[in-house]
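Peer 1: Under the numbering used here, the residue at position 112 of the sequence shown is numbered 272, and the numbers go up by one with no gaps.
If you're looking for bench data, these hints aren't it; they were derived computationally from the structure.
Note that the structure is predicted; figures quoted are calculated from it, not measured.
Each residue gets a CB set at the ideal place from its N, CA and C atoms; glycine is no exception.
Take the hints with a grain of salt, since some may be wrong.
Lysine-lysine pairs mimicking BS3-like chemistry, simulated, CA-CA at most 27 Å apart [unchecked claim]:
| no. | residue 1 | residue 2 |
| --- | --- | --- |
| 1 | Lys224 | Lys253 |
| 2 | Lys242 | Lys177 |
| 3 | Lys242 | Lys256 |
| 4 | Lys312 | Lys224 |
| 5 | Lys314 | Lys275 |
| 6 | Lys279 | Lys225 |
| 7 | Lys275 | Lys312 |
| 8 | Lys312 | Lys279 |
| 9 | Lys314 | Lys177 |
| 10 | Lys177 | Lys256 |
| 11 | Lys225 | Lys256 |
| 12 | Lys253 | Lys312 |
| 13 | Lys279 | Lys314 |
| 14 | Lys224 | Lys314 |
If you anchor each label on the Cβ, the simulated ranges turn out as follows [said to hold, decoys possible]:
| no. | residue 1 | residue 2 | range |
| --- | --- | --- | --- |
| 15 | Asn263 | Asp292 | 15 to 21 Å |
| 16 | Gln203 | Asp255 | 31 to 37 Å |
| 17 | Lys224 | Gln301 | 29 to 35 Å |
| 18 | Trp276 | Leu241 | 29 to 35 Å |
| 19 | Gly278 | Asp255 | 22 to 28 Å |
| 20 | Glu320 | Asn218 | 14 to 20 Å |
| 21 | Thr220 | Glu298 | 17 to 23 Å |
| 22 | Asn201 | Tyr272 | 24 to 30 Å |
| 23 | Ser251 | Gln317 | 16 to 22 Å |
| 24 | Gly278 | Glu318 | 15 to 21 Å |
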Amino acid sequence: MNEMSQKKRKSSPQQGKNYMLMGLGNICRGDDGIGSFIAQNFQSDDWLVLDCGTTPENFTSLVKKTQPEYLVIVDAAQMNLKPGEFRVIPSEKIDKFYLTTHNIPLSLLISYLDKWVGKTILIGIQPERMEDFQRISERVQHSARNIIEILKGKSFQELEGIS
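Based on the provided sequences and hints, a complete structural model is requested.
Peer 2: Quick look at the structure:
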């Protein structure tokens with residue numbers, strides 16, 4: 161998302177948004193950018209959508225201000241699944257699947273944000289490739305489109321958890 165559209169989103173009405181999406185990832189590293197890809201392609205009047213890149217901690221004040229009922233965080237995760245498969249990752253298993261490309265561990269970020277959020281859902285997508293200067297793979301993009309549809313319908317029960 162370019163800087164101009166990011167500023168536009170920040171200035172839009174946020175109060176009363178019960179659903180917030182934080183897309184995480186580095187768009188310069190192939191499938192690692194899938195969370196940002198989802199944020200850039202997700203449009204819904206019911207959701208506040210944030211493309212957080214690799215610095216989700218920069219958006220904590222917005223989460224505190226909005227206090228959404230649901231906070232959904234989407235990011236690439238090494239889960240030993242087939243590329244493109246996605247799962248909800250419970251908070252107690254986050255550190256097992258994340259060799260983070262972010263400035264702070266996701267487990268720490270989520271435990272901090274939980275004070276202002278009704279329910280946090282972390283969706284991990286198994287990457288196919290994460291080399292520098294690669295595009296997002298077709299399999300992972302296809303999964304991203306499925307996730308977008310699930311989230312638009314608020315069909316959280318369709319999301320499978322990791323075991």
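Peer 1: Hint by hint, note whether the structure agrees.
Peer 2: Verification of the hints:
1. Taking the CA atoms of Lys224 and Lys253, the gap is near 24 Å; set against the 27 Å cutoff, the hint holds.
2. For the suggested pair Lys242 and Lys177, the alpha carbons sit about 34 Å apart, so the restraint of at most 27 Å is broken.
3. For the proposed pair Lys242 and Lys256, the alpha carbon gap of about 17 Å is at most 27 Å, so the pair holds.
4. With a C-alpha separation of about 23 Å, the suggested pair Lys312 and Lys224 falls inside the 27 Å cut-off, and the hint holds.
5. Between Lys314 and Lys275 the CA atoms are separated by roughly 22 Å; this keeps the pair inside 27 Å, and the hint holds.
6. A C-alpha spacing of about 16 Å is found between Lys279 and Lys225, which places the hinted pair at or below 27 Å, so the restraint holds.
7. Our distance criterion of 27 Å between C-alpha atoms is met by Lys275 and Lys312, whose separation comes to about 25 Å.
8. Between the alpha carbons of Lys312 and Lys279 the distance comes to roughly 17 Å, so the proposed pair stays at or under 27 Å and holds.
9. The hinted pair formed by Lys314 and Lys177 meets the criterion: a straight-line CA distance of about 13 Å does not exceed 27 Å.
10. For the suggested pair Lys177 and Lys256, the alpha carbons sit about 31 Å apart, so the restraint of at most 27 Å is broken.
11. Distance check on the hinted pair: Lys225 and Lys256 sit about 30 Å apart at the alpha-carbon level, beyond 27 Å; violated.
12. Between the alpha carbons of Lys253 and Lys312 the distance comes to roughly 26 Å, so the proposed pair stays at or under 27 Å and holds.
13. Restraint check for Lys279 and Lys314: satisfied, since their Cα atoms lie roughly 13 Å apart, inside the 27 Å limit.
14. As the CA atoms of Lys224 and Lys314 are separated by approximately 22 Å, the hinted pair is consistent with the 27 Å bound.
15. Checked against the hint of 15 to 21 Å, the pair Asn263 and Asp292 passes, with Cβ atoms roughly 18 Å apart.
16. Roughly 33 Å separates the CB atoms of Gln203 and Asp255, a value that falls within the hinted 31 to 37 Å.
17. Under the hint 29 to 35 Å, the C-beta atoms of Lys224 and Gln301, about 32 Å apart, fit the expected range.
18. For Trp276 and Leu241, the hinted distance range of 29 to 35 Å is satisfied, since their beta carbons lie about 31 Å from each other.
19. Taken as a hint, the range 22 to 28 Å holds for the pair Gly278 and Asp255, whose Cβ atoms sit roughly 23 Å apart.
20. A hinted range of 14 to 20 Å for the beta carbons of Glu320 and Asn218 is inconsistent with their spacing of about 30 Å.
21. The given range of 17 to 23 Å is broken by Thr220 and Glu298, whose C-beta atoms sit roughly 34 Å from each other.
22. Range check, Asn201 to Tyr272: about 27 Å between beta-carbon atoms, so the 24 to 30 Å window is met.
23. Between Ser251 and Gln317, the C-beta spacing of about 19 Å keeps the proposed range 16 to 22 Å intact.
24. Take Gly278 and Glu318: their Cβ atoms lie about 19 Å apart, and the range 15 to 21 Å holds.
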